[in-house]
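Each chain is listed here by its residues.
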Amino acid sequence: MTKYEELFFSALRIRMVEEKIAEIYYSDVIQSPVHLSIGQEHSSVGVINHLEKDDLVFSTYRGHANYLAKGGDLKLLMAELFGKFAGFAKGKAGSMHLASKDVGVMGSSAVVASTLSHSVGAAYALKLKKDKNIAVVFFGEGATGAGVYHETLNMARSLETPLLLVCEFNDLAIFTKFNDVHSYQIENHAHSYGVETERVDEGWDLLEIAKSAKEVINKIRSDSLPRLLLINTCRYSQHVGPGDDSDLGYRNLDSMQKFKSLDPLINDMNLIEKFSSRIAIEIEEAIEFAENSPFPDPSELLTDI
Amino acid sequence: MIEKITFREAILKSMEEALDTNINSIILGQGVTDPTRIFGTTKNLVEKYGKKRIIDMPICEEGMTGFAVGASLGGLYPIQTHIRMDFLLVAMNQIANTIAKYNYMYGGMFQVPMLIRAIVGRSWGQGPQHSQSLQSIFAHFPGLQVIMPATAADVINAYSFATNNYKGPVLSIEHRLLYDFSFSSTISKDPFSSYIIKKGRDITIVATSIMVEESIKAANWIEERSNIRVEIINVLNVSNINYECIFQSLTKTRRLIVADTGWTRFGLTSEIISAVSQSSKIDLKSKPSSIGMTFSPCPTSHSLEDHFYPNMGDIVNNVYSQIYGHSHTFEIPSLEYCKKLGKKFKGPF
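Protein chains in written order, with the working numbering: chain A, 7 to 311; chain B, 1490 to 1838.
One or more hints might be untrue.
[Unchecked claim] Here are the in silico distance ranges between beta carbons for each label pair: (1) A:282 to B:1539: 52 to 60 Å; (2) B:1586 to A:37: 16 to 24 Å; (3) B:1754 to A:190: 39 to 47 Å; (4) B:1512 to A:307: 20 to 28 Å; (5) A:277 to B:1564: 45 to 53 Å; (6) B:1741 to A:108: 34 to 42 Å; (7) A:58 to B:1541: 44 to 52 Å; (8) B:1506 to A:303: 53 to 61 Å; (9) B:1513 to A:205: 55 to 63 Å; (10) A:108 to B:1586: 46 to 54 Å; (11) B:1586 to A:303: 41 to 49 Å; (12) B:1506 to A:25: 27 to 35 Å.
Read the hints as simulated data drawn from the structure, not as lab findings.
Each residue gets a CB set at the ideal place from its N, CA and C atoms; glycine is no exception.
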């Protein structure tokens, strides 16, 4: 596979997993709120493909793409969504709390902005232990309104931590557009902390994201200082749930249409054809695995407190 | 020969031990390297262990507490200090939503070992936002070990166990007034469990933190003046109370006073009395009493503050009342006498 095909495969795999989740969601086999990454897979794949296994990723409740891109096991994810004991967290986490310690997915939170500060502490730990690894935190532009975002930027820079902050800018904090309720511009704001930024406007462009991410990550690895990468992206689905709620009139349909018209996961028919049947088999196997797994024993209720 | 050690010295000693025994342990907090060194409990540490391990922090309780989560996930053992427990409310999202749940939420994948030190102020005009004992709030959440050391030995044993052996988050509530108290006993107890600190026969006082000291003084007062013998249990671990210890004592004494530093409503005193009242093993001879802060915010004026805090006089009165009825005529220590317990503390904070 070429580099592009690798990125495409990884992104298409996430897209197809989430489309399958949406497809089966109303059968109620998944009883957990799902926040789908559909439309935003490119940023996860473009960034995470440059990470090593021991680089640590901190995610959000919209985290399926982060988890899968970092190498989180699909079967364990599916079993987790089904609430089964074989899930990566024995069914106690569900969709909003994704983690896989073995591949450095360190958790995600249903409370927006909660993992930001975790990522600085982890980056500090990596530096103190001279591990040469970095920490990466994904967040939406809406999380930047939280006070702890400021605290995170400040600690990250003043303690000189090897941290990549990835802002997935989809301009939808549930329904709210960024400029309606924020008085700053994210990059300028970061600059005032001494944090360098990079921006990718073409959130559908896997190679462009990968190129920028590579440059930024290389800088962090060489000088151990934090950087912010802002990726303009597009959430296709509703905030939570499997559907399309664009009929509610809150979003800019033209820009979503434009994004979709450029999205290779929709338009590159050759590669879709090349990879999709193989991915579909893997997904069916994961669902079968989840279906055939037992639910946790009632004793699990009081385990691991 | 057992040497005397103050509560403050015990904390500092525990910090040094944690830093010596685990090269991945760090101390972080606003002021840990400042000239006063968290009331002396981080004295000389930055000189000895360096700025990378003794980390001064900006004033950002939530960010700092989240930082500790990440540091723990990254393989460090963070010890964080909050010079007033009241500030922990700013970090509540991290403590309640993250730290308490991390192990459970991920099915045991992550254990986030860490020690959070929170200091309770009392007296000398600390006022409504510098004086709160919020143990019941934190003990309400499954997933936290909330401890309240009452002696230097408690500190040494519990902190050593927390930093070397225990694989989870520990919140320790240190009472500022205890810092200058000297203790001779360094007998090792179960580091995270309640224990009998004074044996007695006629009534059991279950107490936390400085209320253990108040109870001991009350017991001494009573025992010098009557044949009553008071048993005192130091709760120590308020989130996982050793009820076996309490029930055993009550089987003997069949009288109960619970004395806590916090408010009694929805508090630790109600929790313990509830558990005792639901136990079929215990048949009390008199109605149990709860002693805690008056149900008001803490006033700053010392004239009001004197009435706000529970003291040994309240305990003495409750002991006599349970045994001889409310119309007993035994002498109760005066307010001036009771105040001597904290007389060494002259501020400023």
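Comparing the hints with the structure gives:
1. A:282 to B:1539: 52 to 60 Å: holds, 55 Å
2. B:1586 to A:37: 16 to 24 Å: This hint holds: roughly 21 Å between Cβ atoms.
3. B:1754 to A:190: 39 to 47 Å: Since the Cβ atoms of residue 1754 (chain B) and residue 190 (chain A) sit about 43 Å apart, the hinted range of 39 to 47 Å holds.
4. B:1512 to A:307: 20 to 28 Å: For residue 307 (chain A) against residue 1512 (chain B), whose Cβ atoms are near 38 Å apart, the range 20 to 28 Å is violated.
5. A:277 to B:1564: 45 to 53 Å: Check failed, 40 Å falls outside 45 to 53 Å.
6. B:1741 to A:108: 34 to 42 Å: violated, 53 Å
7. A:58 to B:1541: 44 to 52 Å: violated, 23 Å
8. B:1506 to A:303: 53 to 61 Å: violated, 40 Å
9. B:1513 to A:205: 55 to 63 Å: violated, 36 Å
10. A:108 to B:1586: 46 to 54 Å: violated, 25 Å
11. B:1586 to A:303: 41 to 49 Å: violated, 26 Å
12. B:1506 to A:25: 27 to 35 Å: violated, 55 Å
Going through the hint list in order, the structure does not satisfy hints 4, 5, 6, 7, 8, 9, 10, 11, 12.
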